Every structure is written in structure tokens, then in C-alpha cells.
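Undergrad: Residues per chain are reported as follows:
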Amino acid sequence: MFNEEALEELEDKIRKWEKSTVVKSLERFRERMEKFTTLSGITIKNVYTPLDVRDIDYFDKLGLPGEYPFTRGIHATMYRGRLWTMRMFSGYGSPEDTNKRLKYLIAHGETGLSLAFDYPTLIGLDADDPQACGEVGVCGVSVSSLKDMEIIYNGIDMSSITTNMTINPPAPVLLSMYVATAEKQGVTYERIGGTTQNDPLKEFIAQKSYVFPPEPAVKISMDVIEWSIKNLPLWNPISISGYHIREAGATAVQELAFTIADGIEYVRQLILRGLNVDEFAHRLSFFFDAHINFFEEIAKFRAARRMWAKIMKEWFNAEKERSLWLRFHTQTAGVSLTAQQPFNNIVRTTIEALAAVLGGTQSLHTNSLDEPFRVPSEFGAKIALRTQQIIAYETGVADVVDPLAGSYYIEWLTDEIEEQAWKYIDRIEKMGGMLEAVKKGYPQREVTEASYRFQKEVEERKKFIVGVNIYVEGGEEEIRNVPLLDINQEEIERRQVERLRKLRMERNNEAVQSALNKLSKAASRNENIMPYVLDAVKSYATLGEIMNVLKEVYGIWVEPPIY
Amino acid sequence: MNNEYLYELIEKAKRNDKGSIGKLLTILESSPPEAFKLLDIVLRETKSKAHVIGFTGIPGSGKSTLISKLLSFYKKENCKIAVIAIDPTSPLSRGAFLGDRIRMQEHSLAPNVFIRSVSTRGLKGGLSFAGVAMIEVFDYLGYDKVFIETVGIGQAETDIMNSAHTIIVVTMPGIGDEIQALKAGVMEIGDIYVLNKSDKEESQKTFEYLNFVIESNELVGRLGWRPKLLKTSALMNYGIEDVMNAIEEHLQYIIEHRYFDSKAYLRRKLLVKLFIEKLLIDKLELEFERLNIEETPGLRNQLNVLREKIASSLKELELYI
Amino acid sequence: MEVIYTGVRQTPEQVVETAIQEDVDVIGVSILSGAHITLMKRLMENLRAKGVHDIPVFLGGTIPLPDISEIEGMGIDRVFLPGTSLQEIVKYVYDAALNKRKKKHE
Numbered sequence: 001m002f003n004e005e006a007l008e009e010l011e012d013k014i015r016k017w018e019k020s021t022v023v024k025s026l027e028r029f030r031e032r033m034e035k036f037t038t039l040s041g042i043t044i045k046n047v048y049t050p051l052d053v054r055d056i057d058y059f060d061k062l063g064l065p066g067e068y069p070f071t072r073g074i075h076a077t078m079y080r081g082r083l084w085t086m087r088m089f090s091g092y093g094s095p096e097d098t099n100k101r102l103k104y105l106i107a108h109g110e111t112g113l114s115l116a117f118d119y120p121t122l123i124g125l126d127a128d129d130p131q132a133c134g135e136v137g138v139c140g141v142s143v144s145s146l147k148d149m150e151i152i153y154n155g156i157d158m159s160s161i162t163t164n165m166t167i168n169p170p171a172p173v174l175l176s177m178y179v180a181t182a183e184k185q186g187v188t189y190e191r192i193g194g195t196t197q198n199d200p201l202k203e204f205i206a207q208k209s210y211v212f213p214p215e216p217a218v219k220i221s222m223d224v225i226e227w228s229i230k231n232l233p234l235w236n237p238i239s240i241s242g243y244h245i246r247e248a249g250a251t252a253v254q255e256l257a258f259t260i261a262d263g264i265e266y267v268r269q270l271i272l273r274g275l276n277v278d279e280f281a282h283r284l285s286f287f288f289d290a291h292i293n294f295f296e297e298i299a300k301f302r303a304a305r306r307m308w309a310k311i312m313k314e315w316f317n318a319e320k321e322r323s324l325w326l327r328f329h330t331q332t333a334g335v336s337l338t339a340q341q342p343f344n345n346i347v348r349t350t351i352e353a354l355a356a357v358l359g360g361t362q363s364l365h366t367n368s369l370d371e372p373f374r375v376p377s378e379f380g381a382k383i384a385l386r387t388q389q390i391i392a393y394e395t396g397v398a399d400v401v402d403p404l405a406g407s408y409y410i411e412w413l414t415d416e417i418e419e420q421a422w423k424y425i426d427r428i429e430k431m432g433g434m435l436e437a438v439k440k441g442y443p444q445r446e447v448t449e450a451s452y453r454f455q456k457e458v459e460e461r462k463k464f465i466v467g468v469n470i471y472v473e474g475g476e477e478e479i480r481n482v483p484l485l486d487i488n489q490e491e492i493e494r495r496q497v498e499r500l501r502k503l504r505m506e507r508n509n510e511a512v513q514s515a516l517n518k519l520s521k522a523a524s525r526n527e528n529i530m531p532y533v534l535d536a537v538k539s540y541a542t543l544g545e546i547m548n549v550l551k552e553v554y555g556i557w558v559e560p561p562i563y
Numbered sequence: 001m002n003n004e005y006l007y008e009l010i011e012k013a014k015r016n017d018k019g020s021i022g023k024l025l026t027i028l029e030s031s032p033p034e035a036f037k038l039l040d041i042v043l044r045e046t047k048s049k050a051h052v053i054g055f056t057g058i059p060g061s062g063k064s065t066l067i068s069k070l071l072s073f074y075k076k077e078n079c080k081i082a083v084i085a086i087d088p089t090s091p092l093s094r095g096a097f098l099g100d101r102i103r104m105q106e107h108s109l110a111p112n113v114f115i116r117s118v119s120t121r122g123l124k125g126g127l128s129f130a131g132v133a134m135i136e137v138f139d140y141l142g143y144d145k146v147f148i149e150t151v152g153i154g155q156a157e158t159d160i161m162n163s164a165h166t167i168i169v170v171t172m173p174g175i176g177d178e179i180q181a182l183k184a185g186v187m188e189i190g191d192i193y194v195l196n197k198s199d200k201e202e203s204q205k206t207f208e209y210l211n212f213v214i215e216s217n218e219l220v221g222r223l224g225w226r227p228k229l230l231k232t233s234a235l236m237n238y239g240i241e242d243v244m245n246a247i248e249e250h251l252q253y254i255i256e257h258r259y260f261d262s263k264a265y266l267r268r269k270l271l272v273k274l275f276i277e278k279l280l281i282d283k284l285e286l287e288f289e290r291l292n293i294e295e296t297p298g299l300r301n302q303l304n305v306l307r308e309k310i311a312s313s314l315k316e317l318e319l320y321i
Numbered sequence: 001m002e003v004i005y006t007g008v009r010q011t012p013e014q015v016v017e018t019a020i021q022e023d024v025d026v027i028g029v030s031i032l033s034g035a036h037i038t039l040m041k042r043l044m045e046n047l048r049a050k051g052v053h054d055i056p057v058f059l060g061g062t063i064p065l066p067d068i069s070e071i072e073g074m075g076i077d078r079v080f081l082p083g084t085s086l087q088e089i090v091k092y093v094y095d096a097a098l099n100k101r102k103k104k105h106e
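Residue numbers (my numbering), protein chains in the order written: chain A, 1 to 563; chain B, 1 to 321; chain S, 1 to 106.
By construction, these hints were calculated from the structure, which means they are not laboratory data.
These numbers were taken from a predicted model, which means no experiment stands behind them.
Just so you know, even glycine gets a beta-carbon here, dropped at the ideal spot from N, CA and C.
Just so you know, not all the hints are guaranteed correct.
[What the hints assert, rightly or not] Under the rule of at most 30 Å between Cα atoms (straight-line distance), these lysine-lysine pairs were calculated in the BS3-like manner:
| no. | chain 1 | residue 1 | chain 2 | residue 2 |
| --- | --- | --- | --- | --- |
| 1 | B | K37 | A | K551 |
| 2 | A | K518 | A | K219 |
| 3 | B | K37 | B | K14 |
| 4 | B | K12 | S | K100 |
| 5 | S | K102 | B | K18 |
| 6 | B | K309 | A | K430 |
| 7 | A | K518 | A | K184 |
| 8 | B | K49 | B | K23 |
| 9 | S | K100 | B | K37 |
| 10 | A | K208 | S | K91 |
| 11 | A | K430 | A | K440 |
| 12 | B | K205 | A | K439 |
| 13 | A | K219 | B | K205 |
| 14 | S | K102 | B | K12 |
| 15 | S | K41 | B | K12 |
| 16 | B | K283 | B | K309 |
| 17 | B | K283 | S | K41 |
[As the list claims (entries may be wrong)] With the C-beta cut set under 10 Å, the calculated list includes, among others, these residues of chain B facing chain A:
| no. | residue |
| --- | --- |
| 18 | S64 |
| 19 | L98 |
| 20 | R103 |
| 21 | N237 |
[Said to hold, decoys possible] Restraint-style ranges between C-beta atoms, simulated for each label pair:
| no. | chain 1 | residue 1 | chain 2 | residue 2 | range |
| --- | --- | --- | --- | --- | --- |
| 22 | B | Y320 | S | L86 | 39 to 45 Å |
| 23 | B | N3 | S | Y94 | 30 to 36 Å |
| 24 | A | R427 | B | E45 | 55 to 61 Å |
| 25 | B | R290 | S | L98 | 21 to 27 Å |
| 26 | S | Y94 | A | R453 | 46 to 52 Å |
| 27 | S | T84 | B | E8 | 37 to 43 Å |
Work out the full structure: start from the sequences and follow the hints.
TA: Here is the structure:
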């Protein structure tokens, strides 16, 4: 885009500038650090100029919004048409508590739902499982049967709002509960919209809420996708997630590379099932972290779109334009929040949310200031939601598409992150793809090392966190001023256990047993389990009962230690 | 530590008090004088009853998972089982990170199962001694089976494996080099070969190859026993019962051929050597560390210093007697 | 130092039994799910019921301040909040282990 002559002149000018202006300036002020790096360790210079982007071909690398390679956004008009979906991850306590919270958020302008489940639900245990004791309703809502799901959506019209469900190994069960509840509301399959996270590989890499070993875990996930493609045209059956990888301590490059590599694995698996790439690619969705190093995050989102479009087009020969889109949800970085001086977290979240918007996200969750301690209080959740609304309606950043494009630094950084990510993908490809790499523990080890490296940098004060290793205050007063959500855990657990006891007495246990037997047989025959899980759910078989059948057939995973 | 405390620990351990057993094992790892007193009591019990089974194979072959699945079967038989997991993982500069136990945690609450992790790095020269002594203590405490898990590298682990009545070599598909090592006699000869992870695609080839090696008598078993080759997938709970049956068959074989007692005899004899060896080596290492070759020039003088120190430590042996 | 790693998702009973069989000097527990009060109470009760009084227990995780006094009241030696340095934790473990061994020999 630049003419050679001008570039040469610039080169010359920069040489002179470095020798005179910069030197003079350095004589007056030394630079704050010997070496400047992004949060992920990418070394950065003092200034970027056209010289740093001279090899970037505009048409090839950027293009126009809504056109290949989609670096500038998947839609031509982006937020000028429709703002991103403000989707707050929420759920706690009993289904009744969560029903109330969802209605509260909708009343305050939330435009999409996102369910957080408690730990027993996340790993497929019923509320009355001995292992669930003390955990029921704590870090999300407790769901053990269709009954609970019906209560969560009591009075919420499932035909007019979409729900994201952060659920992985038990995804077939929770999706079935959702579908069965919607059916009871009279909503047809064509109108059921939302997302199941259903991303098993990142469980092994980072999140660790796995149940089944890697191979069956991927198989089950593919069952959900295949069934959804054929039955729920509006459902995103998978949200390929870098978020958890990043939160476990990965760098931005690792987050990007591993997520894309996960995506590649899933596409291959689905093609192996005989699906055509254009049949399913438009239903794959992604989920990224928005961390605190502002420009690096924006560059990461832009690189992600470009890489995915290229992979879908050149590797998998996708033809439909929508197959090339990398649509993603973003959550601000929980790991960047501090327990110390917690009100500062509002500021961190604001900056991170802004990066997500400037990076072109399709939906966004903003964390609450109190999350280093507990699930958000109503107060905390409201400020977080308002943060998004202020960005959307007051700042004007949503009025121009991809406003940072053309910034020498942003374009250089986008390129640099992409290049580094390709190197990782290359290595993973040579191992035989992500499933094999995960079995070897490769990404696990990379993340563990990066996380340790960062912790050391903080302790050696090479990286700063306000309130933790700089501007530290001893007092606890500010922490005590944060209102925390008060939940009566024991009471919630007692009620959930009681509801299950009643359910097991009142339901038709023969029908339950028969549905579970059919599921077991289908799983052994390696059939798609979804129809059988749906039948079992409708008979009011519990989450734990269904998962136990699957554990019998597929085995359970115990992770080898990673160090 | 006074004698009463030790006797109290032993009494409680005999009643299967896990805390006391745990403390006795620590004594074997770290405190030779008490270890001596303990073993002196333990070895007076003449008849050895415990069936000692060694599991060896490279890291990642699935030994711990296999053991865990076997524990599930043996628990049903009302069998008292001890597991000694010798863990090679010690990547930390001055410590060890032991993770074998993870795969057996489902049995951690079983009253008839006791699991102990042993780090190779922590013990250095004392590993053979601690390992063999632990077998004796579990035998004395009435454990029916003692499972020992090790990667089988190094003299210490070979010593421990040699103390087992039954050796199980756990291998997995696609490990050609390992089989070559087996043939070359680098690796311990097994009584039972388990091809684990046999749900993997490439397993049939490895199975056929191993089978050929055994059929063609390239791998000769110990004591005239013809090695068995079994397929399992510990993860998928497949073939575990076959392994248990093979273990029991091998046990019958060695009882019938009167090898059971002779094995125990050799093990106890070895323990005597290992104990003295440990004392001497500990002493030698200590004195070696202290030796300043500049202050004591000349190899002759240096040897002399060490000789004197070692001689005095032999004298210390009298303290035990 | 030797670290015996039990893996994730252990019940309080499993943690106690493992500590006993391995004859450990210190028990460290990490909880992020918010269930620390219930689980730590069960862990400490279990430990005492087994007659163990000399193994110090420490806890790390997302623990709200108001919960700390209750946790310490259970007999838990130390609570580490998010943001604690590795050095601080390692130093604590080192001292706690040494202390325990000293007491044992007294």
C-alpha cells in the first residue's frame, strides 16, 4: 500500500531520528524497562511505522468487513447494525434462585442468557451424590433432572431468547433437558436457539472438568454436534473455547493456537462422520478471553478470524461464506481480577471489555468485581452489565467498524501473533492433531509452563499487578466493603436432595430403567447417543443416572500429573 | 524415639491402624536404628505368607491404572493388599513429585488396601533396602498380597523386582524398542506379559510380535514357567480378570514347585546385605562429602582417611547388636 | 521435599486417609468452588477422629474474608488468598514441616 520511494525516505528519517531525537530523549529519561513485552512475552519496539507493515498486503491480509479473510469483522456493518449480545454468565443456588436472577438480568437489559452450573452438575453428579456434598448450588445452579430445568425457565419465553450453557461432558444431558423444557413451552425445534459449550479437548488442556477419556469424550461431543445440525437449525452445538486455556495461564498466542487446533480436530472428526463441511461449519462457534494487555487482545481476535477463514477455505474447501466465519463469545479475564483492592476490578473489566468490542466480538460477558471471592452479587452483576452498556451507548466505539485497523502497531501485532500461532499449529499437526497432542500432554505442559513463568515474573516484579505487587495496601477495609452474595448453601442442598428423593419416588421408574437400558445398548453399539439421552431425560432419569450409564460404557479419565 | 513408642506402633499396626503402618514405613525410609529394631522383630516371625507381585514397564504403559483395576477385583476376594508405588518422577531440582497414586485414589478408603508412594530420588542408595524392608513389614502385618510398582531401571529396582514371586511386565502397543530390550535381557524377565491399551489400533501387531517371541522360546520364563501374554485395556476395564487369574495360576505354580518359600528366604537374606550396605554407603557418602582433598593430598592419604572412618562405622554396628 | 499429588476432586475422607498412609508432614488443599467451609470442616473432623493432631493443614483458593475466622477456628493453620506468592507458600510449608518434625522428636 506504500510506495517504495516514500518508504526509503522514511527508513532514512528513522535512522536519523534514532540517532538524534531518541538519543536526546533517552538522555533526559531512561526507559522504564530494559525490555518491553506484551503480557504474552512478545517483544515490542518503541514505535511502529509503515515500515513494519510494508509486507502486509491489504487485500490479502485485511480486506473489507464482511469479506474474506474477515480480519475486519464478519459483518459489513458490525455494531452499526446490531450491537453484540450482552450475555451475562449467571446461575447460582437452586433453580428457583437462578430463575429469579435471569429475570432480573433480562429486566435490566440483558439480551441473551448464559447458564452457570454448579460443580456437581458440571461433572455429571446428582445433587444427592456423596461427592456433591457442600458443592450444591455454590458456583452455579444445581441441575439434576428435567424438573430443575423446567423451574429455571418458568415464566421465561424460550422462543424469544437464546441461552448459552457452559456444560461439557454432560452436554448431551443438559441440551436434552433444554430441548424438552422448550418443547413443553410449545417451542418448536426450529426456534430453539443457544449454545452448548461441549468442547472436550480444552477440558483436558485446561479446565479439568473432564469425565470420560479423550477419545470417547470427543465422540460424545461429536454426537451432540451431529444431532443438533440435523435437528436444531439455530443451535450452536459447540463453543470452541480458548477462554479456559487462557485462564489456566496460557499466553495469548497459546490461547489462539490451541483453540484453532481444537477446532481443526473437530472439523476433521465431523468430516469423518460423513458430514459435508458446509453442512456444519456455520454452526461452530468460539469463545475467547479478553485479557488486560489491551492491544495484544485486539490483535488476537483479528488474527483468529483471519486464520480460521483461511483454514476453512484452504484446508477444508468450505464454499459457503458463513462456513468461513469465526463467530465468538468473549468473557473478560477472571484471572486478571484481584482479591486485593477489589473495586479496581471494575476498571480492569472495562478495559478488557473494550478490547473485546474493538476486536469484533459477537457476544460478551463482563466479570463482576466480587468474583475473586464468590459468584456475583446482584450489585456486582449489574455494574458489569452497565459497563457494557456504557461502552455500547456512550463511547462511540461501536459506531465505526474495526476502528483500529491501519494502526501500524495493531497490524504488525496481529501478524506477529498469527505467525507464532501457526508455529504451534504446525507442531500439533505433526503430532497427528490435537486429540493426539492432548493424549501426549503437550498443550497441558505448555500451559503449565507459561503459567509458572508468569507467576515468577510477577514475583520478580517484571510484570505488575496493582494492589498485588505494586501500590500494595495492607488494609482489608475495602474488601469488607464489597457486598457478597449470601447463599444458604446447606438449605439449598437440603432442598435439592429432597426434590430428587421425591422425583425418584413419583416418576415411572420402569420407564426410566428401560430408557437407561436402551441408552446403554446404543452407547455400546457406538450409535449417536443423543436420541436415547433425550428419551431418558424425558422419562425424568437424572443427570447422574444417565452419566453413570455412559461411564460404564466409556470409562472415566484420571489425569496423569503435569509438571 | 523410645522403644515403647516403637512397640506401640507395631501393636497398633498389627490391628491395621493405617497411621501406625504409615509411620513404620517412614522409619524404614529414614531412620536406620529404629528400622533395625523394627526388622529384628519382624523377621523373627519365620513363616512368610505374603504373595509379592512386581509390576514393571516404562512410564505411561498404564501400570498404576492396571493395579487400580486389579485392586477392585481383589477387594471382592476379601484380600488384604499393600501397594508400594516406586515413583520415578522427580523433575524438581531438590525434591520429588509423586503422582502414581492419582490412579489408585478410588481405593484410598478401602480398609483392606494400603498404598504408599516411594520416591527414588529421596532414598538414593537406600531404595533397595526400604523397598525390600517394606515387603517384609507388610508380610509381617498379615497382608496377603504386596504389589510393587516400578519402572524397573537401575540396580535398586532390579533388587526389588527380584524379591517378587510374580513379575508382571506391562507394555503397550508400538513399543518395539522395549521388546528388543526384553530380548537382549536388559529388562527384567516377566512371568506375565500384559499388553495394555490394547484398544489401540496398532495393538494387534505388537501382540503378534510378542506372542511370537514367547512361542519361539526367545523369552524363557523363570523357574521353568512358561510366560503368559495377556491383552488388557485397564482404562476400559477389559481383560483385568484374566490378569488376576494368571497371577493366581502363577502363585499355584510356584507353591507346587516349592519356590514360594525359597523366594522369601532369598529376600530376607538379601535384606541383611542391604541393611549393612545402606549403613556403609550412608557413612561413606557422608565422609566423602566431608573429605577435603586439598587438606589431605595424595590418593593414599585420602583412602586412608575414608578407611578409618568406615572402620569406625563398622564399629558402630555393634550398637545395633 | 516430596509432594504426593492426589489429583483433583478428592473427598475430605480421601485426603485424610492418603495423608495418614503416606505419613505426611503437611496437608495442603486447594478449593476454588466455594465449598471450602463444608469441605474443610469435614476434613478437620475426619482428621481429629483418626487421632491426628500433629499434621498442619493449609488452604488456598477463592476464600472470602468473612470466612477466614471460621476456617481458622476449625484448626486450619493457614489460609492463602489469591495473589499470594509461591515463595511465601513454599516458605510456609518448609517451616511447618520442620516444626512438626521438631515436635515429634521432643
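Undergrad: Among the hints numbered above, which are violated by the structure, and what are their numbers in rising order?
TA: 1, 6, 17, 26
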